[in-house]
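The opening residue of the sequence shown carries number 1 in UniProt numbering; numbering runs sequentially from there.
Please note: incorrect hints may appear among the correct ones.
Stated by the list, open to error - Simulated DEER-style distance windows between Cβ atoms:
| # | residue 1 | residue 2 | range |
| --- | --- | --- | --- |
| 1 | 22 | 310 | 47 to 57 angstroms |
| 2 | 315 | 629 | 23 to 33 angstroms |
| 3 | 209 | 315 | 53 to 63 angstroms |
| 4 | 88 | 392 | 52 to 62 angstroms |
| 5 | 405 | 228 | 34 to 44 angstroms |
| 6 | 484 | 406 | 40 to 50 angstroms |
| 7 | 405 | 481 | 20 to 30 angstroms |
| 8 | 675 | 569 | 34 to 44 angstroms |
These are calculated hints, taken from the structure and not from any lab test.
Using N, Cα and C, we set each Cβ at its ideal position, and we do this for glycine too.
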Amino acid sequence: MSAPTRLIDYHRWLRRIATIRSIGVRLRCGVDAIALAWCRPLVPATGRRERNTQLAAIHADDPPRLIAARIMLYALTAGIAAGMLTLVTILRIRAEPAVVTALTGRIGINTLTASPVSAATLAAGCSVLVAVAVTAVTYRVQWVLIDRRVAARERRIDRTLPRAVACMYALARSGMPLPAVLRTVAAHRNVYGETAVAIGVTVREIDHFGVDVITALETTSDRTPSASFAEFTSDLAAAVDSGHPVDDYLRRYHERSREAAADSQQGFLTHLSTAAEGYVTGLVVGPLFVVTTLVVVGLVVTDTVPVLRAVIFGFVPIGTVGFLLGLDRLLASHRLPVATHNNGRSSYRSVDPPGAHATIRPMGSSRDWSHQRSILRIADRLSRWRRWLRRPIATLGSNPWLTLLATAPLGVGWIYLATEPPRLSMATLSTATRPLSIALIGICSSYAAAYEAGAARRRRLAAAVPVFLDRLADVNEAGLSVVDGLDRVANGDLGALSEPLARVRRDVRWGADVTNAFRRLASRVRSPPVTGAVALVTNALRASNRIGPVAAIAAAELRASQRLAARRRRAMATYLVVIYIAFLVFIGIIAALSASFFPAVETAVTGSTGGLSTTGVTETGMARAGGITPNIDAYETLLVQLTMIQAICSGLVAGRLGEGELRAGVKHVVVLLMISQAVWWFI
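Please build the complete structure, drawing on both the sequences and the hints.
In structure tokens:
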């Protein structure tokens, strides 16, 4: 097939996908029309202001009345479906006389005297009650979920506010006016997160509605869900209104934020240490005591395999998930601000007000333009996959889940080949325990290697950024221009930034503008600290060539954040050791049971088979009461499965506690699984 033919087929598929998307948009418009026409009058009038505040806090795209009507439509649909299901279920049960007799006999109702009319009335009444209950619960749950989104956005704003204030202070020190400072922060959402989104409300009020800065800041203060950001914007508006220097207020707020972060760090570490001790006590030592007791009772007194399965497959994983959720809530309010890159797409937008670069463009058909825009959006999504294939190593470092595409099928194939019999059953679960553990080691090893490679690269870049900013500030304060200072800084050793800065210097020598050269650096490196540093430097250059104070402030902010993160890692390293020791004690006791206690019980039971008295109790040996031989293999298999589950749970908790990322615990999972496999190999 020739290249033009392939291109035609490619565009044909893009048009088909765009057509499907347009059909989905039309269906959504129809659903919204039904919601506004039929369900909007059913929305309660009470609490309307609170609902509108919630929707404004999450920056809902649709009008509040449309969202409220849509929620009511979803609730009514769920209620009607639940009512119909209840009605059908009751009528089907009514059609089975034996089932009806068994159910009604327990509550003392004579079904033979019940007339068809009363049965139909009962079914209709139950279905109506269920429909009303499901409608009310669904309606309430949807608003509760919106309220949770508001709380989550509040936490994200509080986390990124100190970094955004540091950027605003640095830009204000360079002489940039406040509206331009706000536009700069709002244009870099991948660096300053939800704070940039919130400041974008202020920028929109200024640029699109012609509002002055003071009124726009007060409007933002009223709409934000964060109390800290509301206080910041209202105080900033008061400072502007009184004529007080903006950079002085930003400097004081920045210093207060750093002091508050340092003060709250110790209390946060205390909470983390308490959580780690609680995990070791409740989900490592506790299950160990319960399992040991149940194994001894099961081998001597009565069968406890079902209870053991409930503890192993229910309590331990569910308890760990609950602990991780609680830990996530604890970390959410104290997590250090970490920006995310945007997969290589340029994050730089114009910070000039609308109309500064206005040009006259020919107007075309809106239908043609919308169709072309839809095709371009789909083409942009497909181009991301092409970029991933061009840089496989960097792609795996940024997206370690891609390793699962190769390792997961291999692991499933290994389990299938190593399992006897190769079908789903309890026997399969017993024989597949160790092959499953080996497959998990292989899958998690590749994932951990890719993730740690990317994390190591990000750490090296983050460590080099403050050094680069400090050196750039020093040479700029010494009187050198940015171009000359960049040439001198690039000659030094900057670690992971040495080669990228050499390319920046080469671009400048070949005639590129220094601003564009820095932006290419951010696009190539795709690191949040580098992107933030480039944003500060390039925007400071718009105001003045003297960027020394700006770079020094940014370097100090990055160093403070890195010191807090390093202090947290050092404090939690002790509890990582505690988790490892607890797991070693756990598997040691389990191995002792399997290596010493099980053979002794098996020997005693074997020696006492045939020595039963007339009462059914063994005369000698150590058999279970009643002369029933215990299934020792089942208990041993359950202990192997328990060690595998405990290794996975402890590894994930170790990563979450130590580095704040669940993915960072995959390497701990690999180590603990290898330890458990080695122990069971020698038993």
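Hints versus structure:
no., hint, in the structure
1, 22 / 310: 47 to 57 angstroms, "51 angstroms, holds"
2, 315 / 629: 23 to 33 angstroms, "28 angstroms, holds"
3, 209 / 315: 53 to 63 angstroms, "57 angstroms, holds"
4, 88 / 392: 52 to 62 angstroms, "54 angstroms, holds"
5, 405 / 228: 34 to 44 angstroms, "42 angstroms, holds"
6, 484 / 406: 40 to 50 angstroms, "49 angstroms, holds"
7, 405 / 481: 20 to 30 angstroms, "49 angstroms, violated"
8, 675 / 569: 34 to 44 angstroms, "23 angstroms, violated"
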